[in-house]
Amino acid sequence: MRKVSRLSRFNIASLALGLAFLYLPILILVIYSFNDSRLVTVWGGWSLRWYREFFSDRAMIEAAWMSLRVAVSSATIATLLGTLAAVALSRGARFRGRTLFSGMLYAPLVMPEVITGLSLLLLFVALNAERGFWTVTFAHTTLTMCFVAVVVQSRLGSLDRSLEEAAMDLGCNPVRAFVAVTLPLIAPAIVAGWMLAFTLSLDDLVIASFTTGPGSATLPIRIYSEVRLGVKPEINAICTLVIALIAVVIVIASLASKLSSSQGESAAPL
Amino acid sequence: MSARRIFARPARFAAIAPYVWMVLFFLVPFAFVLKISLSQTAIAQPPYEPVFDLTAGWGALKAAFAALSLDNFKLLGSDEIYVFAYLRSLTVAVTATALLLLIGYPIAYGMARLPKRWQAVAMVLVIVPFWTSFLIRIYAWINILQHDGLLNQILLALHLVGQPVVWLSTDSAMYIGIVYSYLPFMILPLYATLAKMELALEEAASDLGAPPWQVFWLVTFPLSLPGVGAGVLLCFIPIVGEFVIPDLLAGSNSLMIGQTLWLEFFTNKDWPVASAAAIVLLVVLLVPLLLYERLQKRQLEQGR
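Protein chains in written order, with the numbering used here: chain A, 1 to 270; chain B, 1 to 304.
Keep in mind that a hint or two might mislead.
To spell it out: a stretch of chain B is covered by chain A in this simulated footprint if at least three of its residues, at any positions, have a beta carbon under 8 angstroms from a beta carbon of chain A; those stretches are [unchecked claim]:
1. 230-240
2. 267-280
Counterexamples of contact, computed for chain A against chain B with all Cβ distances above 12 angstroms [said to hold, decoys possible]:
3. Asp36
4. Ser47
5. Tyr51
6. Arg52
7. Phe54
8. Phe55
9. Ser56
10. Ala59
11. Trp65
12. Ala126
13. Leu185
14. Ala187
15. Gly215
16. Ser216
Reference listing, derived: stretches of chain A covered by chain B, where coverage requires no fewer than 3 residues with Cβ under 8 angstroms from a Cβ of chain B [claimed, not checked]:
17. 28-35
18. 231-242
Bear in mind the hints are in silico, worked out from the structure with no lab data behind them.
In this text the structure is predicted, and so the values were computed from the model without any measurement.
We put the CB at the ideal spot given by N, CA and C, even for glycine.
Work the whole structure out from these sequences, hints included.
The structure is reproduced here in structure tokens:
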């Protein structure tokens with residue numbers, strides 16, 4: 001019998017190049033955030049100068065705070081709604097407009113953000129809603145709940161149904177069987193879904209630009225307007241902080257999915 | 001079996017909240033886009049003539065219908081800027097998707113050939129950049145590609161070029177940015193199908209005397225088509241409407257449709273034209289969107 005895994009030199013080279021391509025730019029960005037020189041491209045020794053600059057930049061701090069609040073609230077609502085949607089779709093519920101429902105859930109995953117952003121803004125204007133924190137939060141919820149639904153649904157799909165059946169044979173009603181048996185099993189996917197929703201919200205520029213109002217810019221909006229004017233070392237520092245935050249989130253999410261893989265099939269974060 | 005039936009009823013109630021939410025925040029907004037795309041531009045706040053005012057009674061409603069106009073769509077069809085923008089968006093999306101497939105396939109293939117233990121690690125490594133901010137990743141490339149950036153410094157040090165190359169504000173910079181940002185979306189579905197493939201099939205082909213390229217072209221590639229389809233759609237659709245990458249990396253002399261829409265909206269404050277542009281973009285993307293929906297549904301609802 002031949003060995004199952006045949007790794008050719010070509011395979012290794014393409015993998016190495018691919019990963020280098022994915023990681024080098026981020027690594028360079030992080031390294032240059034500790035550069036003392038004002039010129040982004042000249043190395044002037046290690047320094048935390050640009051981090052101090054960021055922490056004394058009031059407008060940036062306010063934008064970061066706004067982004068964090070939006071990300072936490074929208075991810076929480078999105079996780080609730082997305083999990084409900086996943087349960088409805090994967091537990092064979094038959095109801096009117098089911099096709100429309102799943103269509104509405106999958107479309108935003110790939111829909112160009114300019115369309116989603118514009119349409120939501122027109123809704124908010126028509127409703128005469130004051131634009132700011134809540135409009136951005138609702139807009140992000142709409143986008144991210146679809147991602148949560150997909151993550152949770154794929155976990156529910158790989159679950160052993162006989163566990164729920166056993167619970168009900170032992171006298172649980174469906175709701176109780178769900179809470180006592182299914183929910184703990186899909187909890188890691190729900191955590192991963194929340195994390196994904198959180199990072200997507202933290203990241204979004206386009207939808208936030210459309211749906212926010214004057215005076216309540218999110219961090220990506222501020223970064224974007226600075227980047228348009230050129231590269232600034234302070235931006236490198238902010239980006240590094242965001243990357244660090246997201247790294248923490250990823251570690252938590254992967255611990256959660258490791259937990260889930262020890263209980264059965266793994267729930268990939270996507 | 002029985003559990004499936006009993007579960008169905010509470011599951012139906014679970015649908016109510018997300019259903020209402022999506023109708024209100026996803027479906028209804030499109031009605032507004034359509035409505036405003038049919039109205040006239042006005043210098044006011046909000047900057048369009050209201051089309052319907054249900055409180056004004058039937059006569060007013062009839063007058064409002066008469067006032068609906070396709071002018072914005074006519075403008076889109078007759079003004080070269082928009083036609084070019086749509087064509088450019090499609091060209092860019094097709095080119096970038098082809099590049100992504102070309103670059104992503106060998107990586108996904110390499111991942112699928114790794115020992116099982118390493119496959120999981122490789123998958124995490126590919127997913128992680130997807131979690132880091134889009135904007136930050138584009139900014140990282142601005143750092144590298146700028147006039148006195150790292151790439152030019154390296155090229156100059158190696159004496160490959162005599163003077164700094166202009167990278168920023170060119171199409172090459174934009175393609176680098178798009179490929180960089182969307183690569184995980186191409187690799188993951190490809191890897192998912194390639195990893196499930198029976199290696200024995202390839203081995204059989206080569207045992208029967210097929211040279212490696214024939215094994216790939218006649219066995220591996222056809223079997224990976226579902227993954228290719230998913231990856232292509234997952235990249236193509238959002239790239240057509242892409243705004244951030246061309247805005248920050250490409251030159252400003254030829255715009256993509258996402259940029260034109262943004263410009264009409266934020267700079268020219270012409271909401272009706274922006275809405276009409278969004279409607280046309282949606283119509284262009286309808287077929288790939290429907291294809292993607294079917295793929296996604298099949299994958300999630302009938303097990304994989």
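A quick look at each hint next to the structure:
1. Note: the segment 230-240 of chain B has 5 residues with beta-carbon separation from chain A under 8 angstroms; the three-residue rule is met and the coverage holds.
2. Only residues whose C-beta sits within less than 8 angstroms of a C-beta in chain A count toward coverage, and the segment 267-280 of chain B has 4 of them, enough to reach three; the restraint holds.
3. With a closest Cβ-Cβ approach of about 16 angstroms to chain B, A/Asp36 is found to remain outside the 12 angstroms limit, as its non-interface label requires.
4. Residue placement check: A/Ser47 keeps its beta carbon more than 12 angstroms from all beta carbons of chain B (closest about 17 angstroms).
5. With a closest Cβ-Cβ approach of about 16 angstroms to chain B, A/Tyr51 is found to remain outside the 12 angstroms limit, as its non-interface label requires.
6. The Cβ of A/Arg52 lies farther than 12 angstroms from every Cβ of chain B, with a closest approach of about 20 angstroms, so its non-interface assignment holds.
7. Against chain B, the non-interface label of A/Phe54 holds: every CB pair exceeds 12 angstroms, the least being about 14 angstroms.
8. With 12 angstroms as the threshold on Cβ separation, the claim that A/Phe55 sits away from chain B holds: the shortest Cβ distance comes to roughly 18 angstroms.
9. With a cut of 12 angstroms on Cβ distances, A/Ser56 stays outside the contact zone with chain B, its closest approach being about 21 angstroms.
10. Even its closest Cβ contact with chain B, about 17 angstroms, leaves A/Ala59 beyond 12 angstroms, as expected for a residue assigned away from the interface.
11. Every C-beta of chain B lies more than 12 angstroms from that of A/Trp65, the closest at about 17 angstroms, which supports listing it as non-interface.
12. Interface exclusion of A/Ala126 from chain B breaks down, the closest Cβ pair being 6 angstroms apart, not more than 12 angstroms.
13. Remark: the non-interface label on A/Leu185 is consistent with the geometry, its nearest Cβ contact in chain B lying 14 angstroms away (cut-off 12 angstroms).
14. With a closest Cβ-Cβ approach of about 16 angstroms to chain B, A/Ala187 is found to remain outside the 12 angstroms limit, as its non-interface label requires.
15. Distance check on A/Gly215: its Cβ is at least 16 angstroms (rounded) from any Cβ of chain B, clearing the 12 angstroms threshold; non-interface status holds.
16. A/Ser216, annotated as away from the interface, keeps every beta carbon of chain B farther than 12 angstroms; the closest lies near 16 angstroms.
17. Counting residues of the segment 28-35 of chain A whose CB lies closer than 8 angstroms to any CB of chain B gives 3, which reaches the minimum of 3, so the coverage claim holds.
18. Only residues whose beta carbon comes within less than 8 angstroms of a beta carbon in chain B count, and the segment 231-242 of chain A has 5; three or more means the coverage holds.
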